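Using the hints provided, position chain H relative to the given structure of chain E.
These protein sequence lines map, in sequence, to chains E and H. So that you can map any letter, position 27 of the first sequence is 27 in this note's numbering, and since no number is skipped, the others follow by simple counting. So that you can map any letter, position 438 of the second sequence is 438 in this note's numbering, and since no number is skipped, the others follow by simple counting.
These are calculated hints, taken from the structure and not from any lab test. Accuracy of the hints is not assured; some may be wrong.
Stated by the list, open to error - Computed from the model, here is a short list of chain E residues facing chain H with C-beta under 7 Å:
#, residue
1, E13
2, S50
3, Q54
4, R263
5, K283
6, A284
Since we're looking at a predicted model, the values are computed, not measured. Think of the CB as a built atom: it goes at the ideal place given N, C-alpha and C, for glycine as much as any other residue.
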Amino acid sequence: MIDEELVQLLTPEGELVDHPDYACSLSGDEIFSMYRDMVIVRRLCNESTSLQRQGQLALWAPVEGQEGAQIGAGRALAPMDFTFPSYREHGIAWCRGVPPEQVLRLFRAVSTGGWDPQKYRHHVPTIVLGNQVLNAVGYAMGVQRDGAEEAVLTFFGDGASSQGDVLEAFVWASSFNAPVVFFCQNNQFGISTPSSTQSKVPLFRRARGFGFPGVRVDGNDLLACYEVTKAALENARAGGGPTMIEAYTYRMGAHTTSDDPTRYRVDAEVEVWKHRDPIERTKALLVREYQMKPANFIAVSEEAEAFALKLRDDVLAMGRPDPLSMFDDAYSEPHPMIDEGRREMAALLANGGE
Amino acid sequence: MPDVGEGLIEAEIVLWKVKVGDVVVLNQPLVDVETAKAVVELPSPFVGTVVTLHGAVGDTMEVNTPLVTFEVGGDDTPRAVEAQVVHDALDDQRREPVLIGYGVANEDAVPARRSRHRGARDEAPAPVTTPPARTTVRTTPPVRLLAKQWGVDLATLNATGRGGVITRDDVERAHHGVSPAVVASRSTAVTATSSAAPTTSRFVGREIAPWSTGSREERIPVKGVLKAMADAMLQSTSQQPQAVVWVRVDATKTTELLASLKAHPRFAGVRLSPLTIIALAVCDAARQYPGINSSFDASNDEVIVRRYLNLGIAADTPRGLIVPNVKDADQLDLVGMASALSALVTTAREGTTTPADMLGTTFTITNVGPFKVDAAMAILPPGTGAILCVGQIAPAAWVRDGELCVRDVMELSMTFDHRQIDGALASRVLAHIAQFLEDPAPAMLAQ
Numbered sequence: 001m002i003d004e005e006l007v008q009l010l011t012p013e014g015e016l017v018d019h020p021d022y023a024c025s026l027s028g029d030e031i032f033s034m035y036r037d038m039v040i041v042r043r044l045c046n047e048s049t050s051l052q053r054q055g056q057l058a059l060w061a062p063v064e065g066q067e068g069a070q071i072g073a074g075r076a077l078a079p080m081d082f083t084f085p086s087y088r089e090h091g092i093a094w095c096r097g098v099p100p101e102q103v104l105r106l107f108r109a110v111s112t113g114g115w116d117p118q119k120y121r122h123h124v125p126t127i128v129l130g131n132q133v134l135n136a137v138g139y140a141m142g143v144q145r146d147g148a149e150e151a152v153l154t155f156f157g158d159g160a161s162s163q164g165d166v167l168e169a170f171v172w173a174s175s176f177n178a179p180v181v182f183f184c185q186n187n188q189f190g191i192s193t194p195s196s197t198q199s200k201v202p203l204f205r206r207a208r209g210f211g212f213p214g215v216r217v218d219g220n221d222l223l224a225c226y227e228v229t230k231a232a233l234e235n236a237r238a239g240g241g242p243t244m245i246e247a248y249t250y251r252m253g254a255h256t257t258s259d260d261p262t263r264y265r266v267d268a269e270v271e272v273w274k275h276r277d278p279i280e281r282t283k284a285l286l287v288r289e290y291q292m293k294p295a296n297f298i299a300v301s302e303e304a305e306a307f308a309l310k311l312r313d314d315v316l317a318m319g320r321p322d323p324l325s326m327f328d329d330a331y332s333e334p335h336p337m338i339d340e341g342r343r344e345m346a347a348l349l350a351n352g353g354e
Numbered sequence: 001m002p003d004v005g006e007g008l009i010e011a012e013i014v015l016w017k018v019k020v021g022d023v024v025v026l027n028q029p030l031v032d033v034e035t036a037k038a039v040v041e042l043p044s045p046f047v048g049t050v051v052t053l054h055g056a057v058g059d060t061m062e063v064n065t066p067l068v069t070f071e072v073g074g075d076d077t078p079r080a081v082e083a084q085v086v087h088d089a090l091d092d093q094r095r096e097p098v099l100i101g102y103g104v105a106n107e108d109a110v111p112a113r114r115s116r117h118r119g120a121r122d123e124a125p126a127p128v129t130t131p132p133a134r135t136t137v138r139t140t141p142p143v144r145l146l147a148k149q150w151g152v153d154l155a156t157l158n159a160t161g162r163g164g165v166i167t168r169d170d171v172e173r174a175h176h177g178v179s180p181a182v183v184a185s186r187s188t189a190v191t192a193t194s195s196a197a198p199t200t201s202r203f204v205g206r207e208i209a210p211w212s213t214g215s216r217e218e219r220i221p222v223k224g225v226l227k228a229m230a231d232a233m234l235q236s237t238s239q240q241p242q243a244v245v246w247v248r249v250d251a252t253k254t255t256e257l258l259a260s261l262k263a264h265p266r267f268a269g270v271r272l273s274p275l276t277i278i279a280l281a282v283c284d285a286a287r288q289y290p291g292i293n294s295s296f297d298a299s300n301d302e303v304i305v306r307r308y309l310n311l312g313i314a315a316d317t318p319r320g321l322i323v324p325n326v327k328d329a330d331q332l333d334l335v336g337m338a339s340a341l342s343a344l345v346t347t348a349r350e351g352t353t354t355p356a357d358m359l360g361t362t363f364t365i366t367n368v369g370p371f372k373v374d375a376a377m378a379i380l381p382p383g384t385g386a387i388l389c390v391g392q393i394a395p396a397a398w399v400r401d402g403e404l405c406v407r408d409v410m411e412l413s414m415t416f417d418h419r420q421i422d423g424a425l426a427s428r429v430l431a432h433i434a435q436f437l438e439d440p441a442p443a444m445l446a447q
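If we strip away everything but chain E, and leave its shape as in the complex, we get:
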C-alpha cells in the first residue's frame, strides 16, 4: 500500500505520521471513544453473523475491517448533516444513534426499512446498488435551495462505482455544485470482482474528470478518515461543492452471509490486511501516546459482550409483523393500486391463505 497520494495519519503499527494537508485534531479521550465505537460495531457484526447462521436473520452484510472508515467518517458529521447509506453502513448507523436492533429488523425481514430517517438524519439502507448516491445528490440540491448550512454524506463501494446511478450523480453534483460528499469504501471486491477490474484508474481520480476533487485515504486509519471527511463536509457546507473520498480498505469477511470469499481470493491477502486492522492500530496508539491501560480496553470488550447479549435478546423478541403492514409505507399518501393490493391480501388471509 505504498502510495504517495494516500492520506495516512496513523500507520498500521499505531504510529502518528505527519501529512502536509491534514493533522489529527482529536484528543486522547475522543480517540478512545471512537475506539469503543469500532469495537462495538465489530461485535455487532460478529453477533449478527452468528444470528444469521442460526436462522435468526435472513441475511447479513459483514462490516469487519471497515470500522475505521465508517467510525472515522460517521464521527466527522455534524448533527444536522444527512447521510445516505448502502446496506453495509452499520458503523454509520451507530454514529447517527440508530438503535442497532432497528438495523437488524431489516435483516430479519420484519421491517421494510427500520426507522424514521429524519429523526436520525440517516436514510434507511438502500439495497439497489448505488441508487442512494443519486438520492443524496437530489437531497443536497434541496439543501442548497433551502439555504441550509448542512452537508450530505453518501456511501457506496468500489462495485457500485460502476453503476450508472453513481456516475449520473457525479454529473449532477458537479453541475450544481451540490453540498455532498461521496464516500466510497473501496474494500477491494464487488462481491467477487476485484476493484482493479472495476476501474483502470484509482477510483478517487475519477472525481477530477467530473470536475471536483478526489482524495484517497487509508480506510483503516480512523484518524485520517475522520480528518479528511470533516474537511470535505466543512467545504461542502461553506459552498465549496462536492468531494469524493476513496477510503482504501478491505472487507475481512464475506460480501454477505450468502457468499464464500475463499472461492475468489487467497488467504495470504487476508493475512496481509490483518496487520492493517483499524482497531488494533488505534489501540496501539492509545497505549503508546495516551497511556491507556489494559483495564480501559477490558472495560470496552466487556461492554461489547453485554451489548451482544442484549442485541441477541432483542432480535429473538422481535415479533412477526402484521402481513398487511407491508402496504403501509409504500407511499406517503393513499394510493388506489396499493389499496387494492391490501384488500386482496386481506381476503386471502381471511380464507386461510398464507
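Here is chain H on its own, set in the frame of chain E:
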C-alpha cells in the same frame, strides 16, 4: 438446519466440531456444512449439552429439519458432563507441543487418564471426523487453475483440507515432487508423536520441500514476519553495540518448587514452568537495578530509564519469530505471571497476537531450552537495553560445599546495550537473577 443462504433448501454436513456429551457455549462452532453456495460454519444458538447429532458427515440435511438436539438447563446431569469435558480439555492442553518453556509435565500419566475418560463414555458414539470416500475431486476454482497451470492431476492427490478438500498446499507439494505417500506417512508420524518437535521442514514461517525432493535452489520472498525479523536484527546489530555476560546456575530448588506447585489447585489450567520463575527473577532484578531496564534514545541524546517492565517473550510460532510482551510484568505475582505467560503463549500459537501486544517491550527473555541446547548469544530487540537467554535445564556435575554432586543446572546469558549499560551493572543483574533461581522461595517472599 437453518437456511444459511437466501432460499436454500438443503446442505451437506462436511465436519462435526462437537460430539455427543460436549458442553457448548453460545456461538461455539458446531459443524461445517456445504450449501450450493458456500461452506459455512454453524455456531451454537444455545448454552448446553449436545444430546444428539442428527446426521453424519456426508449426509444432506433439509432446511428446517433437526440438526442437533441440546439439553439446556440446570439439573445435575449437564454439570457432571461439564466437569468431565473440562478434564479432557486440560489433558489436551498437556499433550500439545510446547512452544515456550518446559510446560509438559508427567507425560507418562497422560495415556492412562485418557483411556479412563474413554471408558467412562462408552455409550457416546465415536466422533465422526473422517470425510466420506471421495468420488469426485473437491477443491476450489483457484486451486483447480493452479493445478492446471502446473499440470498436476488433482485426482491423484491426497486431500488434507477440511472434509476432503484439496488445498493449495496439496497442489504445491505435488508440484515440488513430494508423493502423496510421503505426505501421508509424514502426517501419520506427526500424529503419533503429537508432543514431538514441530516438523523440521518449517523455515521462515512456511513449509519447505525436503532435501531429497525439493528444487536445487529456492528463492523465498522477504515479507511479513520474516521481514520484520530481518529488519529488527539488522537495525539492532548496526546501531547498538552489544556485549554478553554468562552464568551457570544450580536450578534444582527452582525445579523442586515448580514440581510442588504444579499440584496446587490455584495453578489448574495454567502453564507453570521455569520461565515463570525466571520472569519473576528478572522483575526483581530490575527493581533492584532499574538501569538494566533502560534504553538509549540517540535522537534526543538521552537514556530512558523505565520503572515499569513490559516483558517480551521471544516466541517460535507457525508464522515465524515474534516477540509479544506482558505489560507491566513487574506488578504480577506468581499466579499472575503464570497466567499472563500462558495467555501470551496461547495467543502466539493461535496466531492472534496483535501489533499492540508486541509494542513497548522494555526487557526480553528468549528460551532456547526446549530445543535442547545449553546457551546462546541473543541479539537485542531494537530499542531495548537487555535480553536474557535461557538454556536447557539438565542434570550435571556440580560442586556444592566442596563435594561433587549431580544437580539440575542451567546456563543463562544476557546481552546488553553497552552504550548505557556497562559490564559491572550487567554482571550484578545476572548474578542477582542467578541467586534468585538458586533459592526462589525466600526470594519470592521478599518481594
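Each hint, compared with the structure:
Taking 7 Å as the C-beta contact cut-off toward chain H, the hint placing E:E13 at the interface holds, the least distance being around 6 Å. Satisfaction of the interface hint for E:S50 is found here, the shortest Cβ-Cβ separation to chain H being roughly 4 Å, below the 7 Å cut-off. Given hint, E:Q54 at the interface with chain H, holds; its Cβ is 4 Å from that chain's nearest Cβ, closer than 7 Å. Because the smallest distance between the Cβ of E:R263 and any Cβ of chain H comes to about 5 Å, under 7 Å, the interface hint for this residue holds.
A least Cβ separation of about 5 Å between E:K283 and chain H falls short of the 7 Å threshold, and the interface hint therefore holds. Taking 7 Å as the C-beta contact cut-off toward chain H, the hint placing E:A284 at the interface holds, the least distance being around 4 Å.
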